Amino acid sequence: MTRTRGSRVPFPLLLPAVLGLIFLILPVIGLLARVPWTTLPQRLTEPDVLQALRLSVVTATLATLFCLVLGVPLAWLLARVTFPGRRLVRALVTVPLVLPPVVGGIALLLALGRRGLVGQWLDSTFGFSLPFTTAGVVVAESFVALPFLVISVEGALRGADARYEEAAATLGATRWTTFTHVTLPLVGPGIAAGAVLCWARALGEFGATITFAGNYPGITQTMPLAVYQTMESGDLEGAVVLSLILLAVSITILAALRDRWLTAP
Amino acid sequence: MRTLRLAAAGLAAVISFGVAGCGDGSTNPASGAGASEVTGAVTVFAAASLTESFTTIGKQFEAAHPGTAVTFNFAGSSALATQINQGAPADVFASAAAKNMTAVTGAGNAAGPPATFVKNQLVIAVAKGNPKKIGALADLSGRGIKVALCAEEVPCGAAAGKALDAAGVKVTPVTYEQDVKAALSKVKLGEVDASLVYRTDAKAAAADVGAVEFPESAQAVNDYPIVLLKDARNASGGQAFIDYVLSADGTKVLEEAGFQAP
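Line order of the protein sequences matches chains Z and G. No gaps in the numbering here: position 114 of the first sequence is 114 in my numbering, and each next residue is one more. Just add 265 to the spot in the second sequence (first one is 1) and you have my numbering.
Rather than coming from a laboratory, the hints here were simulated on the basis of the structure. These numbers come from a predicted model, not from an experiment. Errors might be hidden in some of the hints.
Okay, the calculated bits of chain Z under chain G, using three or more residues with CB under 8 angstroms as the criterion [to be verified]:
id : segment
1  : 108-122
2  : 129-140
3  : 227-238
To be clear about the criterion: a stretch of chain G counts as covered by chain Z if any three or more of its residues have a C-beta under 8 angstroms from a C-beta of chain Z, and this derived list gives those stretches [claimed, not checked]:
id : segment
4  : 341-350
5  : 436-444
Beta carbons are placed, not taken as given, at the ideal position from N, Cα and C, and that holds for glycine.
Sequences and hints are given; from them, build the entire structure.
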């Protein structure tokens with residue numbers, strides 16, 4: 001505010017800015033306007049709703065853990081190690097970020113499905129196939145959410161002061177010890193933020209999940225799938241109730257991350 | 266409003282033929298008949314199981330009525346009914362079951378009573394060559410047999426439920442798909458061993474899947490109704506399309522696809 005004092009905000013900037021804000025908020029208001037508040041408590045406690053919510057929370061959490069285990073080392077590799085083809089690797093990591101999730105779902109089917117590249121081997125060796133299982137949901141969500149974690153953790157690593165790590169190295173610490181005792185605590189908040197972002201993305205995942213994992217209540221039908229199916233069946237009120245839950249979860253996440261995102265640098 | 270629409274239709278005619286017929290159109294409101302007046306874009310919302318046959322009929326219709334362009338939205342009938350009731354711009358709705366049609370007519374969104382144009386019934390779609398030796402509905406509840414069914418709201422899902430009840434068989438599918446084509450694609454991909462789809466869908470995919478007929482299918486026959494929608498932007502075009510579907514030419518395409526006469 002202090003910077004613009006004395007000079008008026010130019011209209012050609014103000015108008016699109018306000019329109020942009022309205023554009024973002026209006027759909028949410030439209031959703032809230034149709035919430036059946038009187039029957040809401042009863043609808044929220046329907047077993048189907050709770051089942052889908054539980055499945056969503058469980059799979060998103062497992063996907064986040066999976067992404068942490070694979071994603072943090074990957075981010076570290078991209079941020080701390082110089083190797084040929086690093087730029088290519090980073091580009092590959094971001095592919096699922098820009099890929100439409102439904103395409104990701106088809107790709108997963110062709111790689112990990114029962115007749116897929118690797119999947120047929122899983123099926124013939126272990127008699128196990130990922131599609132239509134809760135594990136399949138976790139895989140689909142992880143595929144879509146992992147880049148978010150890698151990108152944000154890599155950003156945190158690049159922003160962290162490398163001199164602490166160098167000091168540890170000069171004191172004789174191995175790279176592994178440096179990673180666990182210096183790097184991780186240093187970028188802890190960045191990893192946490194990346195994990196929350198990753199969790200939110202996994203929670204909202206739809207296209208890859210319905211394509212790869214299918215749609216069965218309690219096994220693979222997560223909240224977004226339940227919203228879709230409820231809407232398709234003509235039960236608008238039910239779809240609104242389910243959407244409201246996801247909206248509430250999203251706002252909670254935003255509130256949890258407000259220090260990182262909502263305070264301008 | 267009406268004049269405006271007809272003028273727009275006239276404009277489309279001018280663009281496609283280079284004939285100036287705008288004034289005539291607005292003074293003589295189209296009443297549905299007369300091939301010469303049928304022009305412009307016709308939007309048809311049709312059940313997924315009609316994909317192949319309606320695409321063919323659409324091409325024939327365009328050839329019979331130069332200046333028309335038919336666009337289709339193929340999906341599960343329940344999804345289509347929801348979209349129409351939410352105000353999606355469509356001229357014609359063809360449903361795979363009476364129930365989903367009733368959702369539209371009941372909401373007052375049809376221009377008149379629907380007409381039943383075909384019937385269809387289910388078969389068991391299996392992998393080519395039927396490697397799991399599935400011969401009857403009861404085999405679907407066997408151990409290690411993965412089955413994809415349509416969701417209950419979708420006509421193929423409702424019909425599957427009826428057929429399974431009639432057979433006294435309880436099947437736990439691995440997934441509920443949003444339309445019959447999605448269910449069939451799971452068989453094509455080899456992700457499931459079987460699915461209950463319409464005879465017509467199995468026939469259209471005969472290169473990739475096998476079809477097993479079963480007697481209980483006769484107790485779950487779906488009537489396909491078609492209707493002109495109240496808010497149709499091109500009512501004359503929509504009506505002409507419906508007339509074409511019901512004509513001998515349309516019936517021929519549908520029967521070749523494996524549909525039965527109503």
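Hints and how they fare:
Against chain G, the segment 108-122 of chain Z contributes 4 residues with a C-beta closer than 8 angstroms to a partner C-beta. That satisfies the three-residue criterion, and the hint holds. Check on the segment 129-140 of chain Z: 3 of its residues sit with their Cβ under 8 angstroms from a Cβ of chain G, so the three-residue criterion for coverage holds. As drawn, the segment 227-238 of chain Z meets chain G at 7 residues by the rule of a beta-carbon pair under 8 angstroms; at three or more, the given contact holds. Under a criterion of three residues with beta carbons nearer than 8 angstroms to beta carbons of chain Z, the stated coverage of the segment 341-350 of chain G is upheld, 6 such residues being counted.
A stretch counts as covered by a chain when three or more of its residues have a beta carbon under 8 angstroms from one of that chain; for the segment 436-444 of chain G and chain Z the count is 6, and the coverage holds.
Checked against the numbered hints listed earlier, the structure breaks none of them; every hint is satisfied.
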